[in-house]
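Take the sequence shown: its position 150, counting from 1, is numbered 150 in UniProt numbering, and each next residue is one higher.
Since the hints were made in silico from the structure, they are not lab data.
Just so we're clear, the structure is a prediction, and the values are computed from it rather than from any experiment.
You may find that some hints are simply not true.
[Claimed, not checked] Heads up, simulated DSBU-like pairs for lysine-lysine below, C-alpha to C-alpha not over 30 Å straight-line:
#1 K324 <-> K384
#2 K256 <-> K330
#3 K410 <-> K384
#4 K384 <-> K63
#5 K399 <-> K384
#6 K20 <-> K407
#7 K58 <-> K330
#8 K407 <-> K384
#9 K330 <-> K384
#10 K399 <-> K410
#11 K20 <-> K410
#12 K58 <-> K384
#13 K256 <-> K20
#14 K399 <-> K20
[What the hints assert, rightly or not] Estimated spans, in silico, between C-beta atoms of each pair:
#15 S187 <-> S44: 43 to 53 Å
#16 R276 <-> A9: 34 to 44 Å
#17 S22 <-> A304: 36 to 46 Å
#18 D404 <-> S44: 27 to 37 Å
#19 D68 <-> G470: 40 to 50 Å
#20 S22 <-> L353: 52 to 62 Å
#21 T125 <-> R408: 23 to 33 Å
#22 A461 <-> G258: 24 to 34 Å
#23 G368 <-> A438: 41 to 51 Å
#24 L353 <-> Y268: 26 to 36 Å
From the three backbone atoms N, C-alpha and C, an ideal C-beta is built for every residue, glycine too.
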Amino acid sequence: MLNGLVDIAHLLVLNTDSYKASHWLQYPPGTSHVFSYIEARGGSLPYTVFFGLQALLKEYFSKPVTADDVALADEVCTGHGVPFNRDGWLHIVQAHGGRLPLRIRAVPEGTVVPVNHALVTVENTDPACAWLTSYVETALLRVWYPTTVATLSHATRRIIGDALQRSGDPAGLPFKLHDFGARGVSSLESAMLGGMAHLVNFQGTDTMTALLGARAYYGEPMAGFSIPAAEHSTITAWGRDGELDAYRNMLRQFGKPGALLAVVSDSYDLDAAVCRLWGDALRDEVIASGATVVIRPDSGEPTAIVLRTVQSLDASFGSDVNAKGYKVLKHVRVIQGDGITRESIANILAALLGAGYSADNVAFGQGGALLQQVNRDTLGFAMKASAAQVDGAWRDVFKAPVTDPAKRSKAGRLTLLQRDGVYATMRLDAPGYHEARASGAAEVMRTVYEDGRLLVDDSFAAIRARAAQG
Numbered sequence: 001m002l003n004g005l006v007d008i009a010h011l012l013v014l015n016t017d018s019y020k021a022s023h024w025l026q027y028p029p030g031t032s033h034v035f036s037y038i039e040a041r042g043g044s045l046p047y048t049v050f051f052g053l054q055a056l057l058k059e060y061f062s063k064p065v066t067a068d069d070v071a072l073a074d075e076v077c078t079g080h081g082v083p084f085n086r087d088g089w090l091h092i093v094q095a096h097g098g099r100l101p102l103r104i105r106a107v108p109e110g111t112v113v114p115v116n117h118a119l120v121t122v123e124n125t126d127p128a129c130a131w132l133t134s135y136v137e138t139a140l141l142r143v144w145y146p147t148t149v150a151t152l153s154h155a156t157r158r159i160i161g162d163a164l165q166r167s168g169d170p171a172g173l174p175f176k177l178h179d180f181g182a183r184g185v186s187s188l189e190s191a192m193l194g195g196m197a198h199l200v201n202f203q204g205t206d207t208m209t210a211l212l213g214a215r216a217y218y219g220e221p222m223a224g225f226s227i228p229a230a231e232h233s234t235i236t237a238w239g240r241d242g243e244l245d246a247y248r249n250m251l252r253q254f255g256k257p258g259a260l261l262a263v264v265s266d267s268y269d270l271d272a273a274v275c276r277l278w279g280d281a282l283r284d285e286v287i288a289s290g291a292t293v294v295i296r297p298d299s300g301e302p303t304a305i306v307l308r309t310v311q312s313l314d315a316s317f318g319s320d321v322n323a324k325g326y327k328v329l330k331h332v333r334v335i336q337g338d339g340i341t342r343e344s345i346a347n348i349l350a351a352l353l354g355a356g357y358s359a360d361n362v363a364f365g366q367g368g369a370l371l372q373q374v375n376r377d378t379l380g381f382a383m384k385a386s387a388a389q390v391d392g393a394w395r396d397v398f399k400a401p402v403t404d405p406a407k408r409s410k411a412g413r414l415t416l417l418q419r420d421g422v423y424a425t426m427r428l429d430a431p432g433y434h435e436a437r438a439s440g441a442a443e444v445m446r447t448v449y450e451d452g453r454l455l456v457d458d459s460f461a462a463i464r465a466r467a468a469q470g
């Protein structure tokens, strides 16, 4: 019976869509192998930063299926109204010790690949389990989420990086986009996967479950960092008349030489807080502390507010002109955490640079737009069967709907090649594949999982290096 003791999260036999349960009865007689692939067909960006497969394989594909799992799945599917392949799953339990007879190949995580190329391929290794390849689509295709977050974060990194190259110090790039998204996602797992994906490109985060994920799945002792920061409740708890005391307390608690602290300053009147409190009453204390105080304006139109705040702080604390001819504030910085998207970041940076201020002066915090405002269609992710072996002969499997030619799927057993920075998804049985290999094209995909065992265990550092290089 289904009860609270069942480890639902790891019950792979039911980690699928209901209609998948009947598909074992739908393949042609004599089908021994099914080959499928995952790709991003395109959307808001022309490329992907592949990430997250290793975490999914470790969490969901590495625990052997048991006879008890099969019995429970049989009970659930029967009551649910769909047929269940009890004998097929028991075969996996008895013949394979519960380990999935699958071969999964994938591009190395962190690789930047243009859309419309195969990123993952899946095929069964036991002829009795041809139905299994597509059965795991539901669980496996969820790689769309961390890949999409990693890709959007990477695109933002490029925008900020370009601004730093023009106006400031590129060494500060890893801390220019801070993850504020933990509370705005649908689940703890989403926070972990999405938070890890962001950390492929940056090192600033307040999503602590992402740190645990990077440690557990990628062996990274500490993937991200944060600083002491105020929220509105810790400021307004002092009362409106105590706003100055609230800010002074932040300085006294955290204002040490070389330290960073962030203080939200729009609880009442941002301009008054910046000019009269930070820029006047507390100016000498800020300087004497030796810390860098990061002012957070948290309301208003982002582009205008950030520029105005930087200009006000410049009037109070002064600035230096760097070697690139842009002004860098002394003692203070700004972080904008409200209304942050790729577009608003680009607009803010353009306004700052246009006014002669370096991108060094500002960092960004992003929440829902980073971790939650994405879906499978953001980059057009899909997993499709592309070949099947029936009665010993391989046949192409694909769809070509006349009502939407863009949804035509690929055919054949596929792999991904790369030569001189150019990628090509090719059929393994095509003459062009052997010619390309002979002329120096390299296989991009690696076998990462076979017959229930993980064959590749990448470090987070290696993944970050690939993404940065891409």
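Outcome of the hint check:
1. The straight-line distance between the Cα atoms of K324 and K384 is roughly 50 Å, outside the 30 Å bound, and the hint therefore fails.
2. For the proposed pair K256 and K330, the alpha carbon gap of about 16 Å is at most 30 Å, so the pair holds.
3. Between K410 and K384 the CA atoms are separated by roughly 8 Å; this keeps the pair inside 30 Å, and the hint holds.
4. For the hint linking K384 to K63, the alpha-carbon distance of about 25 Å falls within 30 Å, and the restraint holds.
5. Taking the CA atoms of K399 and K384, the gap is about 9 Å. The hint holds against a cut of 30 Å.
6. Using a Cα cut-off of 30 Å, the hinted pair K20 and K407 holds, with the two alpha carbons roughly 21 Å apart.
7. The hinted pair formed by K58 and K330 fails the criterion: a straight-line CA distance of about 47 Å is larger than 30 Å.
8. Between the alpha carbons of K407 and K384 the distance comes to roughly 11 Å, so the proposed pair stays at or under 30 Å and holds.
9. With a C-alpha separation of about 55 Å, the suggested pairing of K330 with K384 is violated against the 30 Å cut-off.
10. Under the criterion of a C-alpha separation no larger than 30 Å, the hint pairing K399 with K410 is consistent with the structure, at around 8 Å.
11. Pair hint K20 plus K410 holds up; C-alpha atoms about 21 Å apart against a cutoff of 30 Å.
12. For the given pair, K58 sits about 23 Å from K384 by alpha-carbon distance, which is consistent with the 30 Å threshold.
13. Annotation: proposed proximity of K256 to K20 is violated, straight-line Cα distance about 59 Å (limit 30 Å).
14. Only pairs whose Cα atoms come within 30 Å are accepted, and K399 paired with K20 is accepted, the gap being roughly 18 Å.
15. Taking 43 to 53 Å as the suggested C-beta distance range, the pair S187 and S44 does not conform, at roughly 23 Å.
16. A beta carbon spacing of about 53 Å between R276 and A9 contradicts the range 34 to 44 Å that was offered as a hint.
17. In this structure the hint that S22 and A304 lie 36 to 46 Å apart at CB is violated, the actual value being about 57 Å.
18. The given range of 27 to 37 Å is broken by D404 and S44, whose C-beta atoms sit roughly 19 Å from each other.
19. About 44 Å separates the C-beta atoms of D68 and G470, a value consistent with the hinted range of 40 to 50 Å.
20. For the pair S22 and L353, the beta carbons lie near 59 Å from each other, so the given range of 52 to 62 Å is met.
21. About 28 Å separates the C-beta atoms of T125 and R408, a value consistent with the hinted range of 23 to 33 Å.
22. Taking 24 to 34 Å as the suggested C-beta distance range, the pair A461 and G258 conforms, at roughly 26 Å.
23. Between G368 and A438 the Cβ separation comes to about 49 Å, which falls inside the hinted range of 41 to 51 Å.
24. Judged by the Cβ atoms, the range 26 to 36 Å given for L353 and Y268 holds: they are separated by roughly 30 Å.
Hint violations for this structure: numbers 1, 7, 9, 13, 15, 16, 17 and 18, all remaining hints satisfied.
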